[in-house]
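Novice: Could you put the whole structure together from the sequences, leaning on the hints where they help?
Number of protein chains: 2
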Amino acid sequence: MDKVKDIVKERLQLHGIKPSLQRMAVMEYLMTHRTHPTADMIYTDLYPSIPTLSKATVYNTLNLLVERGVVRMITIEEKNARFDACMEPHIHFRCRDCGAIIDVDVEAHWIPAMPDGITVEMSETYCIGSCAECNKRKVS
Amino acid sequence: MDKVKDIVKERLQLHGIKPSLQRMAVMEYLMTHRTHPTADMIYTDLYPSIPTLSKATVYNTLNLLVERGVVRMITIEEKNARFDACMEPHIHFRCRDCGAIIDVDVEAHWIPAMPDGITVEMSETYCIGSCAECNKRKVS
DNA sequence: ATCCATTTTTAGAACTATTCCATTTTTATT
DNA sequence: AATAAAAATGGAATAGTTCTAAAAATGGAT
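As given, the protein sequences belong to chains A and B, one line each in that order. Once you know that position 121 of the first sequence is 121 in our numbering, the rest is easy, because the numbers rise by one and skip nothing. Once you know that position 70 of the second sequence is 70 in our numbering, the rest is easy, because the numbers rise by one and skip nothing.
I should point out that these hints are in silico values taken from the structure, not numbers from a laboratory. Any given hint could turn out to be false.
[What the hints assert, rightly or not] Where chain B lies over chain A, by a calculated footprint (3+ residues, C-beta under 8 Å):
{"id": "1", "stretch": "117-124"}
{"id": "2", "stretch": "127-133"}
[To be verified] Taking lysine-lysine and the DSS-like style, the derived pairs with C-alpha atoms no more than 25 Å apart in a straight line are:
{"id": "3", "chain 1": "B", "residue 1": "Lys18", "chain 2": "B", "residue 2": "Lys3"}
{"id": "4", "chain 1": "A", "residue 1": "Lys79", "chain 2": "B", "residue 2": "Lys79"}
{"id": "5", "chain 1": "B", "residue 1": "Lys79", "chain 2": "B", "residue 2": "Lys55"}
{"id": "6", "chain 1": "A", "residue 1": "Lys18", "chain 2": "A", "residue 2": "Lys55"}
{"id": "7", "chain 1": "B", "residue 1": "Lys55", "chain 2": "B", "residue 2": "Lys9"}
{"id": "8", "chain 1": "B", "residue 1": "Lys18", "chain 2": "B", "residue 2": "Lys5"}
{"id": "9", "chain 1": "B", "residue 1": "Lys79", "chain 2": "B", "residue 2": "Lys5"}
{"id": "10", "chain 1": "B", "residue 1": "Lys79", "chain 2": "A", "residue 2": "Lys55"}
{"id": "11", "chain 1": "B", "residue 1": "Lys3", "chain 2": "A", "residue 2": "Lys79"}
All residues carry an ideal CB built from backbone N, CA and C; glycine is no exception.
Specialist: This is the structure in structure tokens:
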């Protein structure tokens, strides 16, 4: 009866990933939290409900998911990698003031013309500036 | 008589940065090595000629240069930050096979329409795939 | 030149994100 | 139930970066 878990399981299996408890938990977390969390945030939030969970498992799972193209890794922040289960074309904006990372929808992602011989598998566009809330705060 | 050093010094002073020996060296390195080096590469290469150089100074300098908008930090690689003194609009391509980071010229950098209230200061586009050499190698 | 305040550099410790490793647990198969 | 393979675990190890406190360099004012 748990629709979400069924979708999660299907998405993993579709990419040849065995849906273990831990992998399901990480994937479900990413699909239900569109906050571009770090590995540590995922671990911290899942730990209470899976007390045997290890950080290594979270990292292993995330690496596997990225490898198989189920989630994407976002390197918009030097410090830590962030993860996003939404594979629709969109770009990311980071607010320099509050640190929020915001999805920005685009019709189609821009991929500039490449020099001869180069083949592009994926591309990411990162924008950095101030978000609406922080801009408002500054004026007042 | 050293033209390069004059240009380096001018570029630092233009941004209110006192041109110390170390800062000059880091900036000159970035301007003459268009390889998007890491902090460690810069340190390792400069160390022989400045034997008192400390890694902290390299990091301090790079952070200062980025803050003042003299160089840009490239986070195309999770592991370490890379630096680029070229501020002309261009994007970066990383070869998944050999790790090379290549400049790709663009007429103008794409900045998608942002939701209301957001102001964008800068944007970066990263492409990942296989470079010409690696593609050639794979066919043969 | 000398003194003083300020800025910059330095070395190494500290911190943090991530990976590695050896062991244990779980899962699937016979 | 026995066995083999895959996954998870905890903790140690690694690596990039920052922090800290002290030393060195710089730039006036005297």
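Novice: If a hint holds in the structure, say so; if it does not, say that too.
Specialist: Status of the hints after comparison with the structure:
| no. | hint | result |
| --- | --- | --- |
| 1 | 117-124 | holds (count 8) |
| 2 | 127-133 | holds (count 7) |
| 3 | B:Lys18 with B:Lys3 | 18 Å, holds |
| 4 | A:Lys79 with B:Lys79 | 9 Å, holds |
| 5 | B:Lys79 with B:Lys55 | 17 Å, holds |
| 6 | A:Lys18 with A:Lys55 | 19 Å, holds |
| 7 | B:Lys55 with B:Lys9 | 21 Å, holds |
| 8 | B:Lys18 with B:Lys5 | 14 Å, holds |
| 9 | B:Lys79 with B:Lys5 | 31 Å, violated |
| 10 | B:Lys79 with A:Lys55 | 18 Å, holds |
| 11 | B:Lys3 with A:Lys79 | 37 Å, violated |
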